[in-house]
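Engineer: So the chains spell out like this:
Protein chains: 4
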Amino acid sequence: MKHHVAVLGATGAVGQRFIQLLENHPDFEVHELVASSRSAGKPYSEAAKWKLATPMPEGIRQKVVKSTEEPLESRILFSGLDSDVAGQAEEAYRAKGHIVISNSKNHRMDEDVPLVVPEINPEHLALVELQKKKYGGAIVTNPNCSTIGLVLGLAPIMELGVEHMIVSTMQAISGAGYPGIPSFDILDNVVPHIGGEEPKIEEEPNKIFGKFDGKGISPNPTRISAMVHRVPSLDGHLEAVSVKFKKTVTREDIVSRMKGFEGEPQKLNCPSAPKPAVQYFEAVDRPQTRLDRELGKGMTVSVGNLRPCSVFDWKFNLLVHNTVRGAAGGTILIAELMLRKGMI
Amino acid sequence: MKHHVAVLGATGAVGQRFIQLLENHPDFEVHELVASSRSAGKPYSEAAKWKLATPMPEGIRQKVVKSTEEPLESRILFSGLDSDVAGQAEEAYRAKGHIVISNSKNHRMDEDVPLVVPEINPEHLALVELQKKKYGGAIVTNPNCSTIGLVLGLAPIMELGVEHMIVSTMQAISGAGYPGIPSFDILDNVVPHIGGEEPKIEEEPNKIFGKFDGKGISPNPTRISAMVHRVPSLDGHLEAVSVKFKKTVTREDIVSRMKGFEGEPQKLNCPSAPKPAVQYFEAVDRPQTRLDRELGKGMTVSVGNLRPCSVFDWKFNLLVHNTVRGAAGGTILIAELMLRKGMI
Amino acid sequence: MKHHVAVLGATGAVGQRFIQLLENHPDFEVHELVASSRSAGKPYSEAAKWKLATPMPEGIRQKVVKSTEEPLESRILFSGLDSDVAGQAEEAYRAKGHIVISNSKNHRMDEDVPLVVPEINPEHLALVELQKKKYGGAIVTNPNCSTIGLVLGLAPIMELGVEHMIVSTMQAISGAGYPGIPSFDILDNVVPHIGGEEPKIEEEPNKIFGKFDGKGISPNPTRISAMVHRVPSLDGHLEAVSVKFKKTVTREDIVSRMKGFEGEPQKLNCPSAPKPAVQYFEAVDRPQTRLDRELGKGMTVSVGNLRPCSVFDWKFNLLVHNTVRGAAGGTILIAELMLRKGMI
Amino acid sequence: MKHHVAVLGATGAVGQRFIQLLENHPDFEVHELVASSRSAGKPYSEAAKWKLATPMPEGIRQKVVKSTEEPLESRILFSGLDSDVAGQAEEAYRAKGHIVISNSKNHRMDEDVPLVVPEINPEHLALVELQKKKYGGAIVTNPNCSTIGLVLGLAPIMELGVEHMIVSTMQAISGAGYPGIPSFDILDNVVPHIGGEEPKIEEEPNKIFGKFDGKGISPNPTRISAMVHRVPSLDGHLEAVSVKFKKTVTREDIVSRMKGFEGEPQKLNCPSAPKPAVQYFEAVDRPQTRLDRELGKGMTVSVGNLRPCSVFDWKFNLLVHNTVRGAAGGTILIAELMLRKGMI
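Protein chains in written order, with the numbering used here: chain U, 1 to 344; chain H, 1001 to 1344; chain F, 2001 to 2344; chain R, 3001 to 3344.
Looking at chain U on its own, in the form it has when it is part of the complex:
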């Protein structure tokens, strides 16, 4: 018996990924679809301009899209709502007792909302209980797509003591949703700016790596500086990271931890948990965006090109599939973990 779920923002780019990834999912079944009032009342096949390279799932085509005002039967809601409506809408659903697992940015930094990467800080999910007491339901958030790649690439080595780091990103166009970036702005081009992105990459990791004391989260103190860029790739954010450690760290210290890394989702056999969670490449020219983004069905973050840094200590590249692990897939993995931990 699968759990019924609703997808919020179902016609958008992230919503479509939710629907694609939830087709034939062992735990969840898409029962309701929610979108803007423009789409509400229409069958999904009419409301959505399907943009993925796999066909729209048959069971979804005839489902009538609901508006955010209508009551929902599903308890678990996966949210890919636009940030201009997600703030209020997600709070309203929480007040009605729903568990909202969201990819939207609005509530990520709220004190009582966990910002979760399941391999890294599953213990932060305890905030769900505190929220339930306060609001009836709860909001759980998935980090920014570039953040997810960065923290998964760093997770194996954080215990070595990271002082600070500089990261430069080369982000795919799908990160901007649809219609997103006009083609005239990106073909044969690189754009050195993505509105609001750098602060997210600089702040979210420290909440994720923060200590939870049963009541709240004390952020981790590592300083991060991000320089972000949009490049003409479809999916996959590549990041160049240079790290200053607190003490001497050898290549072997890093490599052994990268190779041995796993988290609770792997141990609990969550259906979307990739094995490995982090793929380490010895090759100096990997990861590459197109070659490696599909690893672990888009859920594995890959790391490679590890080399000494003449200013800090070590530098390397990492890659995350921004709309799978970095968005819908990461959000679903949170729900899978919550289910196995008896939280939903």
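These are computed hints drawn from the structure, not numbers from a lab. Model, not experiment: these values are computed from the prediction. There's no promise every hint is true.
Here are the simulated DSS-like cross-link-like pairs (lysine-lysine), alpha carbons at most 25 Å apart as the crow flies [to be verified]:
| # | chain 1 | residue 1 | chain 2 | residue 2 |
| --- | --- | --- | --- | --- |
| 1 | H | K1259 | F | K2051 |
| 2 | H | K1133 | H | K1105 |
| 3 | F | K2297 | H | K1297 |
| 4 | U | K244 | H | K1247 |
| 5 | R | K3244 | U | K297 |
| 6 | F | K2247 | R | K3244 |
| 7 | H | K1063 | H | K1049 |
| 8 | F | K2134 | F | K2341 |
| 9 | H | K1063 | H | K1134 |
| 10 | R | K3132 | R | K3341 |
| 11 | R | K3259 | U | K51 |
| 12 | R | K3297 | U | K275 |
| 13 | U | K297 | R | K3275 |
| 14 | H | K1105 | H | K1200 |
| 15 | U | K244 | H | K1200 |
Given the structure of chain U, go ahead and fit chains H, F and R onto it with the hints provided.
Structural biologist: Quick look at chains H, F and R alone, frame taken from chain U:
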């Protein structure tokens, strides 16, 4: 009366740019074309697979290509030779009394060879006289394409005292020459490695910014760490730079120097000297590769997106047209300056 | 003394090209800028998101944009208005005595409006006098971008007697204006549909090649079938054409006419008239979009890859720069010709 | 018990696809890998520069590559050999009793070699027995990638009586193998020429649609004219087809046949046989290269945008995944069918 020059490596990507940029040049006339023995003896229009978007100059089509073994009449040689032959060939030309102004990497770090960006270190050209005494002729070199962008973007602010910096590059495919990167390796992709590129960007700037004492160059001590990437753009290397200064530096300190920067080529009205040499953009989303690479006919380096860095002090983006300012155009500007300074 | 002109739709993609191409124009000076009410009242540098790779002309930056309701001082108006407003607005300007030379599709097929490619049917401009009598002013139109390429490629050989033809196009994204095609819809993709494009390519050429009898135009009877596609190129529409002639035609019949072709703009030395108007390539792999679109500053149409067709008679490729010759540049050339013919 | 097979040309682009598609194949197991003498003797993981977005199969990495001179144990050989060696090598293998199922062009038009698309002309496989008697073994060939798309799109409607047709292709870069097209030749470009491609598309379909009388094949007489182009897409050849029928044909005649089409591989449940073999789209903007190439795991050919032609009768677009259905996948499907028909 124009000076006759020869183009070495005339059929390659850099050689073609030399020929394009020297068409109707007020100082120089392409008198001889030199390429590998495979091309030697053929008219240029047969030997070269012309790849530029302006037609092959008429006066060049029928010129018969010479091999590197044949004696040359021109005193000034512009070299775009491949690095596997440039080392010996350029030395041989120097021994015969030629002035070789080269875009090849082989002799850039030689003690008695100047590595010149005309706006920055024209005084290093004095090494030419030392070479002439020793060898008969001289070699003068143009830095790596990414280096040229970086040092021109930094030149205005070096006097503020730069401690160290981290730079991440997003480089165009034309930087790899022709045939260069297979399309299957770069469409919808980013490649985090370019063989031998990072050391050049880390070392060449310190020779360029070095002090010349009449005999040799003492390198500048700023530490630089480079992380390089190939992206699917045609021309133009975009760089993300984060800089640590020795003391407090304000935005106004940087901006005023960026805007006021000029060098000897501008003062002496060298034909290829762009005005400005450095274009400063207030906009946070500039420079962009395709929009800004042609500024100053490809000779202007542009800088923008200046913002504070939470790890160092300031970060910004810069852009250089890698095959114009970063290769053939930069080399020609050296010759123009040498001419005006009475060195050739 | 230059003629003052206004640019209608000045902030759009075609409007920007008008402004770029009219900078330092010997005949015309941009005196007024007209755009939607959203832009009206603002200086142009604020109203327009400049997207061209040359800087916005200095003299334009501070000009205050007018709305389509405001009266204009300029007699000659270059229109790049969107088709949803061009219909009425251009008629209103005509009624006020203006000469509107338009790139918009709305009035192209009007009986008394000439649809002009200056090298082909300058005699159709006589309709201007008929319009002036009737309306006070006149509208003159420039064909669809793909049509312009097709008719210029065909013009030299129409006298050989063309029965019918099939043409397949591969069109650049700039043809869709800005923001135009979302990047997610075109990267690593080909789209076999452009709304309303095929009928234009099938019908407009027959008006252009039609006979003018002093009162009206009898369309040419050649049947044309078009299959259009959007491809990931920035500028330049490449077309594959297969032609059935009424009688036997040799390669030499075609090539000699292609090479010898010129029109009235070339004879009258119009400033934007390219020489040649049509560039013929012997090479089987030319024209190519990126290599050849800038020929004649974007005003030359190039033709190549001529070979026998096993179903019709001859097939070849042609290329037109869609936003220069195919839009703003073609429109300006009409005005230059009208000026030299004493019509404005 | 799976049949052991060898992959010839195992390190090339087609060879890598064979290896990818044969991983966990129910009928066949890759037992031997053959490549040029440069690769022979090395483990495959060293010899091949793996370029696919799924990891190299584990069981393959350590296999030592054999040269074409070495004897092979496998009876069935899948060939992706380069055409400069395939001619002689495949004949030599045939003489030794092997069944060579080849993607190379060399023997496609040989009188006694079948050129097979399993849904269309499985009866041509009877030529295998004739070859065996004559040579000991046999060669079976897979058509050109563009041909396969074209004939599968046409197969449902050939019975309506096709007089002639014109087809224009927009082909992906992977069709040129690796390294194939230099990126500088295709980014922001379209190239109107692919050496030798047009004759294949014009001739091969008539052999495939030819009648087999027990001894040989009489070619079908439909005239085809092809105009081919290379565009910047990674995989997937899109084709624009206009067809002249012998008599009046309605939209319903075409659509009903497109929708109802299936062949012997579907009936016999060959593992790689897609269902449907041909996907028909009502939408005017489909198929699109990136959205539809993966249908049926890359084995389905899709057709759409059906509309009347003003010169012929009907025109439409079709799409084929050139390296799956158009190369390795099509070849494997031949073998699967031969196996089920008791021919191997």
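Engineer: Could you run down the list of hints and mark each one as holding or not?
Structural biologist: A quick look at each hint next to the structure:
1. H:K1259 - F:K2051: 23 Å, holds
2. H:K1133 - H:K1105: 23 Å, holds
3. F:K2297 - H:K1297: 15 Å, holds
4. U:K244 - H:K1247: This hinted pair holds, its Cα atoms lying about 21 Å apart.
5. R:K3244 - U:K297: 45 Å, violated
6. F:K2247 - R:K3244: 21 Å, holds
7. H:K1063 - H:K1049: 15 Å, holds
8. F:K2134 - F:K2341: 21 Å, holds
9. H:K1063 - H:K1134: Given pair H:K1063, H:K1134 is violated - Cα atoms ~33 Å apart, limit 25 Å.
10. R:K3132 - R:K3341: Roughly 16 Å between the alpha carbons, so the hint for R:K3132 and R:K3341 holds.
11. R:K3259 - U:K51: With Cα atoms ~23 Å apart, R:K3259 and U:K51 stay inside 25 Å; holds.
12. R:K3297 - U:K275: 24 Å, holds
13. U:K297 - R:K3275: 24 Å, holds
14. H:K1105 - H:K1200: 9 Å, holds
15. U:K244 - H:K1200: Roughly 22 Å between the alpha carbons, so the hint for U:K244 and H:K1200 holds.
In this structure, the earlier hints numbered 5 and 9 are contradicted, and the remaining ones agree with it.
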